[in-house]
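Engineer: Chains as they are written, first to last, in the numbering used here: chain Y, 21 to 122; chain L, 21 to 518.
Treat the hints as calculated values from the structure; they're not laboratory data. The beta carbon of each residue, even a glycine, is placed where N, CA and C say it ideally should be. Treat the hints with care, as some may be off.
[Claimed, not checked] To be clear about the criterion: a stretch of chain Y counts as covered by chain L if any three or more of its residues have a C-beta under 8 Å from a C-beta of chain L, and this derived list gives those stretches:
1) 46-58
2) 91-105
[Said to hold, decoys possible] Some chain L residues flagged as far from chain Y (calculated, every beta-carbon gap over 10 Å):
3) Ile32
4) Val59
5) Val95
6) Trp460
[Unchecked claim] Under 8 Å between C-beta atoms, here's a sample of chain L residues computed to sit facing chain Y:
7) Val73
8) Gln274
9) Tyr328
10) Leu352
11) Ile391
12) Glu410
13) Ile423
14) Gly424
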Amino acid sequence: MTTGQEKGRPAGQGADPEPRGRPVPINARFDNDFVTQLVLVLDTDTLEEAARKVAHHVVGRRIPPRDADLVLRVDGKSLPSGLTVAEAGISPLDSVFVGWAE
Amino acid sequence: MARMPREQWLNIARDLDWELSYVDYDAVFPEWMSGQGKVPREAWSKWEEPYRVTYPEYVATQREKETGAYSVKAVLQKSKVFEQLDEGWKSVAKQHFGAIALAEDIAQYGELRMARFGLAPAWRNTAVLGALDEARHAQIGLFFPHELIGKDPQYDWAHKAYQTNEWAIIAVRALFDGLMMNPNVVDVSVEIPFTFETGFTNVQFLALAADALESGDISFANMISSIQTDEARHAQQGGATLEVLVEHDPRRAQWIIDKSFWLSARLFSVLSGPAMDYYTPLARRKQSYKEFMHEWIAEQFLDQIRDYGLRKPWYWDEFMAGLETWHHALHLGVWYWRPTVWWNPQGGVSPEEREWLNEKYPRWEQHFGRIWDVIIDNINHDRMELTLPETMPWLCNLCHLPIGSAGSPYNDKYPVRSYPLEHNGYTYHFCSRPCRQIWWEDKDTLHDPTVIERLLAGGIQPPTVEGILAWMGLTPDVMGEDPYGYRWAKAYAKQPAA
Chain Y
21 MTTGQEKGRP AGQGADPEPR GRPVPINARF DNDFVTQLVL VLDTDTLEEA ARKVAHHVVG
81 RRIPPRDADL VLRVDGKSLP SGLTVAEAGI SPLDSVFVGW AE
Chain L
21 MARMPREQWL NIARDLDWEL SYVDYDAVFP EWMSGQGKVP REAWSKWEEP YRVTYPEYVA
81 TQREKETGAY SVKAVLQKSK VFEQLDEGWK SVAKQHFGAI ALAEDIAQYG ELRMARFGLA
141 PAWRNTAVLG ALDEARHAQI GLFFPHELIG KDPQYDWAHK AYQTNEWAII AVRALFDGLM
201 MNPNVVDVSV EIPFTFETGF TNVQFLALAA DALESGDISF ANMISSIQTD EARHAQQGGA
261 TLEVLVEHDP RRAQWIIDKS FWLSARLFSV LSGPAMDYYT PLARRKQSYK EFMHEWIAEQ
321 FLDQIRDYGL RKPWYWDEFM AGLETWHHAL HLGVWYWRPT VWWNPQGGVS PEEREWLNEK
381 YPRWEQHFGR IWDVIIDNIN HDRMELTLPE TMPWLCNLCH LPIGSAGSPY NDKYPVRSYP
441 LEHNGYTYHF CSRPCRQIWW EDKDTLHDPT VIERLLAGGI QPPTVEGILA WMGLTPDVMG
501 EDPYGYRWAK AYAKQPAA
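Between the sequences and the hints, there should be enough to build the whole structure, so can you do that?
Structural biologist: Rendered as structure tokens:
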């Protein structure tokens, strides 16, 4: 795991050093990756922000970057990116899928 | 005094029992320990081990084996053999020692439980010798790596690993606690001597012995071959128990085999799979993991259970499909999360190795090649921080392996996804339907919290990547690293862009 600049960062949290909502640990899969991962999002995050947090652990690491928007899905349904995690009804331990918007 | 010939006393002594008069049978052989179930008490008198050994014979044979194994080691200790071994191969040995040496110690308790609570005298006597076997295996598995600690601190994990919270060890410990320590001994003897030892140890001991010899690690090959000869003897307890159980409760027999075969297959896919197909140097590989599993495990095991009138497990097609993908996903995971293991996982995806992988596994490129390409590009452009994780993979609540590793990308039938289950208000996650079903049926003996559960419950402090590594007991001198400084990936830098 990375050290130095990542020191002290909660596991699973990629890009948001100052939490402003309640943490929601999700079981996240990015399309075409080979594992699901623990990612901490906040209940106040928009789904676009949550999707970025998931992508942080995958894109450029195991999946090539693309110039495309991200989409977040739960139970097979794509959800509007402007909703917050709380509004979307995403709870701790939920399975969440993120991929490129086609 | 002349010795009585063994034929005149062995058959009586090995099966000598007595009627209890001062204590109830159920107090001596309680159900929760002995597991008689639907099998009538008298049926256990048919318990019979095919290969019989007296104690003097046992001691003489074991002495011979010990002399052989230790004298070869003593000779090689003075040579430069160790220094010439490939680092990839050394990791096979380090992984084996850490995962197995003290598991053998736990196996001793499993045997002793059968020696105490086994339902036939012949079984109890056979298990006593089995316990002595396992004591020997733990000793030899600790002694052989001990001399290497001064050369490489990762060998210290032969003794240390089992006593830490390192994730792979939690997987190993959960399996052996679930199959050896927690269930009753009827279940234990079908799960371990029959399914695990008869069915699976061939992979770790025969296949690795062949690869060890090819790799020049004669001492290791000699050690594990010596261990395997014991396994072959005490494993017969399983068949003898199964024969009685099948006659009176075939449904239970089928379930015990189904669940323990699945769990064993999942564990071996993270131990033997990467060892055979990635760590062993290409020129030294005898068979691919899939080839070995097809020949030595799948076919032989099915023949064996059919001989007992049992069916192939309900998930058989999924298991066979998994031989194409499971261990590749697990290797990729172990490599990417390499600071979390006590060995140095060889990347093993150089152009030549990749060609071999594609030849042995025709869909390897489609499933995993694209992911390795991103990793290779990062290595060759010095973006090393992107080749290291900042979070944990979600782990299966039964096998404790990463969710996704029972499937693969671009795989419609077995995709990368969790199979969740809500129970008592908590969402448990599983890598596959069989893991979920087995956990649901037998969670009382099988459940052990995963690293993820412990992290989220506040059991790992601080909850940072450094905190997790410290909680696992991993120090910088031991954390896994690519053994030859990513040499395998450098060849791609010389290739023209596609």
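Engineer: If you take the shortest Cβ to Cβ gap from Ile391 (chain L) to chain Y, is it below 8 Å?
Structural biologist: holds, 5 Å
Engineer: Would the least Cβ to Cβ distance between Val95 (chain L) and chain Y come out above 10 Å?
Structural biologist: Val95 (chain L) is indeed farther than 10 Å from all Cβ atoms of chain Y, at 42 Å.
Engineer: Against chain Y, does Trp460 (chain L) keep a CB gap of more than 10 Å to every residue?
Structural biologist: holds, 17 Å
Engineer: Does the claim that Ile32 (chain L) lies outside the interface with chain Y hold up, using a Cβ gap greater than 10 Å?
Structural biologist: With a cut-off of 10 Å, Ile32 (chain L) remains clear of chain Y, as the shortest Cβ separation is near 58 Å.
Engineer: With a cut-off of 8 Å, does the beta carbon of Leu352 (chain L) approach a beta carbon of chain Y closely enough for the hint to hold?
Structural biologist: holds, 6 Å
Engineer: For the hint on Tyr328 (chain L), just tell me whether its beta-carbon gets within less than 8 Å of chain Y.
Structural biologist: violated, 37 Å
Engineer: Using Cβ atoms only, decide whether Val73 (chain L) comes closer than 8 Å to chain Y, and label the hint accordingly.
Structural biologist: Result: violated, 47 Å to nearest chain Y Cβ.
Engineer: Per the coverage rule (Cβ-Cβ under 8 Å, at least three residues), is the segment 91-105 of chain Y covered by chain L?
Structural biologist: This one is violated; 0 residues, fewer than the three required, reach chain L with a Cβ under 8 Å.
Engineer: Say whether it holds or is violated: Val59 (chain L) keeps its Cβ farther than 10 Å from all Cβ of chain Y.
Structural biologist: The claim stands: Val59 (chain L) keeps its Cβ more than 10 Å from every Cβ of chain Y (closest is about 41 Å).
Engineer: Tell me if the interface restraint on Glu410 (chain L) is satisfied: Cβ within less than 8 Å of some Cβ in chain Y.
Structural biologist: With a minimum Cβ separation of about 6 Å from chain Y (threshold 8 Å), the hint on Glu410 (chain L) holds.
Engineer: May I ask you to test the interface hint for Gln274 (chain L) with respect to chain Y, counting a Cβ-Cβ separation under 8 Å as satisfied?
Structural biologist: With a closest approach of 31 Å, the Gln274 (chain L) hint is violated.
Engineer: So, Ile423 (chain L) near chain Y? Judge it on the closest CB pair being under 8 Å.
Structural biologist: holds, 5 Å
The structure fails to meet hints 2, 7, 8, 9 from the earlier list, while all remaining hints are met.
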